[in-house]
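> These protein sequences, in sequence, are chains A and B.
Residues 356 to 540 (this note's numbering) are what the first sequence spells out, left to right.
Residues 356 to 540 (this note's numbering) are what the second sequence spells out, left to right.
If you're looking for bench data, these hints aren't it; they were derived computationally from the structure.
Hints are supplied without guarantee of correctness; some may be wrong.
Calculated cross-link-like contacts (lysine to any residue; reagent style SDA-like; alpha-carbon spacing at most 20 angstroms) [as the list claims (entries may be wrong)]:
id: 1; chain 1: A; residue 1: K369; chain 2: B; residue 2: A534
id: 2; chain 1: B; residue 1: K525; chain 2: A; residue 2: R492
id: 3; chain 1: B; residue 1: K369; chain 2: A; residue 2: G531
id: 4; chain 1: A; residue 1: K369; chain 2: B; residue 2: E539
Which chain B residues stay away from chain A? Per the calculated CB distances, all over 12 angstroms, these [what the hints assert, rightly or not]:
id: 5; residue: A447
id: 6; residue: N464
id: 7; residue: G478
id: 8; residue: L482
id: 9; residue: E485
id: 10; residue: R492
Quick reminder that beta carbons are idealized off the backbone N, C-alpha and C, glycines included.
Number of protein chains: 2
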Amino acid sequence: MQVTMTRAGAGARKKKGLIIVHTGNGKGKTTAALGLALRASGCGMKVLMLQFFKGKWKCGELRSAPKLDNFEICPMGKGFTWESKDVEVDKAMVRNAWRAAQEKILSGNYDVVVLDEINYALGYGFLPLEDVVEFLRKKPAMLHVVLTGRNAKPEIVEIADLVTEMRQVKHPFEQGIGAQRGIEF
Amino acid sequence: MQVTMTRAGAGARKKKGLIIVHTGNGKGKTTAALGLALRASGCGMKVLMLQFFKGKWKCGELRSAPKLDNFEICPMGKGFTWESKDVEVDKAMVRNAWRAAQEKILSGNYDVVVLDEINYALGYGFLPLEDVVEFLRKKPAMLHVVLTGRNAKPEIVEIADLVTEMRQVKHPFEQGIGAQRGIEF
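Just chain A, with the same shape it has in the complex:
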């Protein structure tokens, strides 16, 4: 078989639900998912963000989301794992979040589902990677799924359509400036 390539993807423009990954050690992974939600909701799309770990702070996004049409945020976790005393509780919470995610993804009620910080859950081994990959491969064709968190697994990058690494070039922490409300959380 011979394939004539002109330039990458210069052929027909297809449409499909994308698997999008925001990873890297820099800021902007969850933030860009929030921006995507704001934009998509403005286009009349239905967006759900499931937060796998957050839940401690009253974050700005939890107060803004209800003002937008069709944008729900569900904080599934009770706080950051590294503050937890019981890893089994964290694991159970993450698995519960993943069950909810699967149900929501299959429900047909959303155009975009954000699995916020799921990469950490996969990194810690709290979720079986093969099951997540297998499930995402068979996701509804037009649904967009966004996965955030550092150290995205290569298997996740492999099945993704759009992967961005947010790379930290400079951080105010280095100058002794603390996390600031409205900016960092």
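Fit chain B to the known structure of chain A by using the hints.
The following block gives chain B in isolation, referenced to the frame of chain A:
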């Protein structure tokens, strides 16, 4: 003078208005600025986004922003520069946007001002870099300013507190998938 370092910035946590840069060839620069706006507005902060180039499409963010408290988006440009027939018109537009930006930054009416895609304006030489750097150095101390766009100038990175490079790892364009409403714009 002897300075004892424990770890980077482990001393007192200061607060200050940050100069934040989103650059790189990947997606998520404007999107993360939108997410930051959503989060900050949820914390009761006043946010303005000045778009230096966009203005052609009815973007999702233009419809979502009015629903949030204290979030204004002003598209200053009429479209993408590379579609323009008259570079002088583009230059005038960008300079007009920069005049508006300076006025808004000094007005005391905002907590966060996003200069969306200003890096392109600096890259094209449409704005004098030294003037922009000089102005930003003297910005109101508690105001956060976000600058987006590829190829941030080293002088901008130099004065910035927080710089993230959005690096493209994988893009659906490579698979022949076109830009999709609600996701790309």
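> Confirm or reject each hint.
Hints and how they fare:
1. Proximity of K369(A) to A534(B) is assessed by CA-CA distance (about 9 angstroms); at most 20 angstroms being required, the pair is judged to hold.
2. With a C-alpha separation of about 17 angstroms, the suggested pair K525(B) and R492(A) falls inside the 20 angstroms cut-off, and the hint holds.
3. For the proposed pair K369(B) and G531(A), the alpha carbon gap of about 6 angstroms is at most 20 angstroms, so the pair holds.
4. Pair hint K369(A) plus E539(B) holds up; C-alpha atoms about 14 angstroms apart against a cutoff of 20 angstroms.
5. With 12 angstroms as the threshold on Cβ separation, the claim that A447(B) sits away from chain A holds: the shortest Cβ distance comes to roughly 28 angstroms.
6. The Cβ of N464(B) lies farther than 12 angstroms from every Cβ of chain A, with a closest approach of about 16 angstroms, so its non-interface assignment holds.
7. Remark: the non-interface label on G478(B) is consistent with the geometry, its nearest Cβ contact in chain A lying 17 angstroms away (cut-off 12 angstroms).
8. Listed as a non-interface residue, L482(B) keeps its Cβ farther than 12 angstroms from every Cβ of chain A; the least gap is roughly 22 angstroms.
9. Every C-beta of chain A lies more than 12 angstroms from that of E485(B), the closest at about 21 angstroms, which supports listing it as non-interface.
10. The beta carbon of R492(B) is kept farther than 12 angstroms from every beta carbon of chain A, the shortest such distance being approximately 15 angstroms.
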